[in-house]
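Colleague: Chain by chain, the residues:
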Amino acid sequence: MKNTIAERVADFIKHFPPFDLLNKNQLLDISKEVKIKYLDKDNTIYSANSNLHDQFYMIYKGAVKLKKVINDKLETIDKFDEGDVFGLRPLFANENYAITAITEEETILYCIPIDIFKPIIEQNKQVNQYLIESFASNTENPFSNEFQKKLVLEDEIRLDFSKELFEMQPVRLIKNVITTKKDTSIKEAAKLMSAHNVGSIIIEEKDCPIGIITDKDLRLHVATGDFSIDDAVSEIMISPVLCYKKNITIAQAQITMMKHKINQIVVTKDGTPNSKILGVFSEHDIIVMKGTNPSVLMKAIKRANSTKELKRIREKITILLEGYIQQNIPLTHINNIIFELNDATIKRVIERCIEKMDQAPPVKFAWMSLGSQGRKEQLLHTDQDNAIIFETVDADHLEEVRSYFLTLAKKVNKRLKNIGFAYCPGEMMAKNPRWCLSLDEWETQFTEWTKETGDDELLLCSIFFDFDITYGDPALTNQLSNHVLEITKNNLIFLSKLGASSLRSPSPLGFFRQFLVEQDGEHKDFFDLKKRAIMPVTDAGRLLALHYQTKNINNTAERFEKLAELMPEDKELFLSCAYASKALLKFRTKHGLINRDNGRFIALAELSKEEKLKLKRCFKAIARVQELIKLKFNLKNFI
Amino acid sequence: MIKWLFKNPEKKSYPDYWIRYEALFNDPKNTEIHNTTFVVLDTETTGFNYASDRMLCIGALKINDNNIDIKDVFEIYIKQEYFNAETVPIHGIIKNEKFKTYTEEEALILFLDYIKDAVLVAHHAFFDITMINEGLKRLDLPPLKNKVLDTMHVYKETRIKSNLIDQKKRYTLDEIAENYDIDVSDRHTAAGDALITAIIFLRSVQHLIKTKHYTLKKLFKL
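Which chain is which? The protein sequence lines are A and B, in order. Quick note, the first sequence lines up with residues -18 to 620 if you use the working numbering. Quick note, the second sequence lines up with residues 332 to 553 if you use the working numbering.
Everything labelled a hint here was simulated from the structure, so no lab data went into it. Wrong hints could be hidden among the right ones.
Said to hold, decoys possible - Straight-line Cα separation of at most 27 Å, DSS-like style, residue types lysine-lysine; simulated pairs:
(1) A:K187 to A:K257
(2) A:K512 to B:K447
(3) A:K49 to A:K22
(4) A:K48 to A:K289
(5) A:K289 to A:K240
(6) B:K410 to A:K511
(7) B:K552 to A:K398
(8) A:K240 to A:K197
(9) A:K292 to A:K280
(10) B:K402 to A:K391
(11) A:K590 to A:K611
(12) B:K543 to A:K512
(13) B:K541 to A:K60
(14) A:K395 to A:K292
(15) B:K552 to A:K512
(16) A:K46 to A:K99
(17) A:K392 to A:K280
(18) B:K447 to A:K13
(19) B:K402 to A:K(-17)
(20) A:K505 to B:K552
(21) B:K499 to A:K395
To be verified - Covered stretches of chain B (chain A as the covering partner; in silico rule of three or more C-beta atoms under 8 Å from a C-beta of chain A):
(22) 453 to 463
(23) 531 to 538
Where a beta carbon is used, it is the ideal one built from N, C-alpha and C, also for glycine.
Using the sequences and the hints, build the whole thing.
Modeller: Structural data, given as structure tokens:
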């Protein structure tokens, strides 16, 4: 019987080691026996000391982390994603699993039966070798317990080994290797290096590395006049190239680079210059792997050439954020850095997507971030809310232009999702034709919302009026900002409706000043920080900003700071709102990091007494600004 | 009295395979999602006319407790008497292709034996189920007795209820696959579509269990 699905599985696994070493028939035979397993986030695949499964695993989609108890603490010792194999113990050993494997996100696994695969290992030495190596490298840390215990005893200081052991991790290869042929001119090679923003280029022949040129060689041989830029690269290249096998650790790589005074290592299939190039690894990449330093991350984002790379950088950003919150660094500072990094990530994605389009954008456009990203209040991974605005074009070309930007938006939205910005459940994304409009269409749209305002329009205004340009021509967004001010100026009907809706959020505290928790649903008995605290203060900020026509300030805290400046008589109140906005955001971020989610729902039991007091102080500021809004917009009937 | 006369034409004698299939439904069914067998299926047909068009291929797979066993995939191609040249490019199943084909009767016998009393799952399920029932009718058999779930409805239930989203929208397989980032390179092969449908089903049901405490009973009410 024909088996399309087995063919599909074979098609996937053949791209990844060790399956790339097998022939077509072997692949198909294995694929026919595979089981596909679906697992939600945080599910255990197998746990330490449990019986061996009769299968090992390959990740088709998602990510898995391996955990092990080290010094009585469950530490993550390795992480796998798409295409990686794990759970190899049953192939080589009989004792129970030594580590625990847990899904880090929603995951689909291919389960490969041991009895089908064992004969293949026995026949194919290379496959055997590969699997033994990866088994050894990800089950037992080379510097295992023994070594760590000794350190602890010696100086009584508990070190965080999960981070110290960084050097023992295998290097992560850059697979997009920039190469050229030996008869290329030095000039061409230098151009290639500049275009890809890299410090070295490999000279390749039949997929094997025959030489390498670095920035240093250009300085030494070309800038000095010893060679002309029209000479062939083979004149100055360093040959033979120092090559290594896959799975070299960071420590080994560092030592090698120091020893040979090089800053890049080439990895080939068999570790010699006579086999296929698999990837490169440079000093810079070590810093990036370590990288919890904003400027390094920024550089890495700008150089990133794949979505996967950007995703890894985003994970680093989360680590950085975690560190900042732990060290209690002022939120304004954290916010600025994280915003810049997020912003650069989105910019880089858009840049790459434009390059991937068949033609340049037909007219000027801008990518707008909406909602929390637009207000610069997005610290954790939350949903993406975005839209496109393009120059006004005549009716004949409108749909053609729109279809270009929709195609672009589809690419960008998809990649942002892969990086970790989930799709907006309300479909407020640039790929939605409703939110990919020309300047005059946006203006008409906004005017409509403020003229005939119902509940839907109020919700839309609360999202779309907080737009911020992420990429493109600022003249367009600036004009739109002016338009918003124009249509809301003295528009008392609209403003009082917006005011009324800002008072509608449910109260955070009950009659006895106890926290009110959700009554049912997934978050039963949790406190909804977003709905009961963050939204009211954000809504109040937006309303007053529109009323007092403060232009180009989207951040809630900054809005209140500006208001304090404009109206000294209410200075103290506005400053307390600015503080509340920052405190609530920090709260959300902290709890989001603890629970690895968006921080919206908080378990009251997790709060310390001090935190509860702090929250109540924030509520007080919110209640006071809501009083002010009631008076100002004549909303006395709203309780 | 009249009703009784009407309802009871002389009892038909059905072939053994149908009696075997029918008997499976006498036992009470599992009520938990994790111990229920779901058969996710897709049919490729010569067109969209229930009366004149025919099935070209049935692809199906089983989900047991979130697992799909590739060994146990059902993929049967059906010999064609009726032939609609217009739909050939879509499906790539040309009349008398080189692999083994079955008569419609053989295919349906195998299919009944495969699905047993499982819960059937398909995207826009009404179409596929009607196509199969039409085939059964040609064999003088009653329609399928299995419970049926439509991934379109299951997926829709995972979406937020908001006036900003078109609530009447009918999501196509491609749209959902794109939203869930599922590879669609096997679109328009019955088994390939069944796999895409299965992944959509797994993800949507998981979402509903997590966010709305869905049970099997609740799924049937969708």
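Colleague: None of the hints should be skipped; say for each whether it holds.
Modeller: Now for the hints, and whether the structure bears them out:
1. A:K187 to A:K257: Within the cut-off at roughly 8 Å; holds.
2. A:K512 to B:K447: Distance ~48 Å between A:K512 and B:K447 Cα, so the pair is violated.
3. A:K49 to A:K22: holds, 18 Å
4. A:K48 to A:K289: The hint holds at about 23 Å.
5. A:K289 to A:K240: Distance of about 31 Å is beyond 27 Å: violated.
6. B:K410 to A:K511: violated, 60 Å
7. B:K552 to A:K398: violated, 32 Å
8. A:K240 to A:K197: holds, 17 Å
9. A:K292 to A:K280: Holds, at about 15 Å.
10. B:K402 to A:K391: violated, 36 Å
11. A:K590 to A:K611: It is violated: about 32 Å lies between the C-alpha atoms, which goes past 27 Å.
12. B:K543 to A:K512: Holds, at roughly 19 Å.
13. B:K541 to A:K60: The hint holds at about 25 Å.
14. A:K395 to A:K292: holds, 13 Å
15. B:K552 to A:K512: Status violated; Cα separation ~31 Å.
16. A:K46 to A:K99: It holds: about 25 Å lies between the C-alpha atoms, which stays within 27 Å.
17. A:K392 to A:K280: holds, 23 Å
18. B:K447 to A:K13: Between B:K447 and A:K13 the Cα gap is close to 22 Å, so the pair holds against 27 Å.
19. B:K402 to A:K(-17): Satisfied, since the Cα-Cα distance of roughly 11 Å is no more than 27 Å.
20. A:K505 to B:K552: holds, 24 Å
21. B:K499 to A:K395: With a Cα-Cα distance of about 24 Å, the restraint between B:K499 and A:K395 holds, given a limit of 27 Å.
22. 453 to 463: violated (count 0)
23. 531 to 538: holds (count 3)
Hint check: violations occur at hints 2, 5, 6, 7, 10, 11, 15 and 22; the rest are consistent with the structure.
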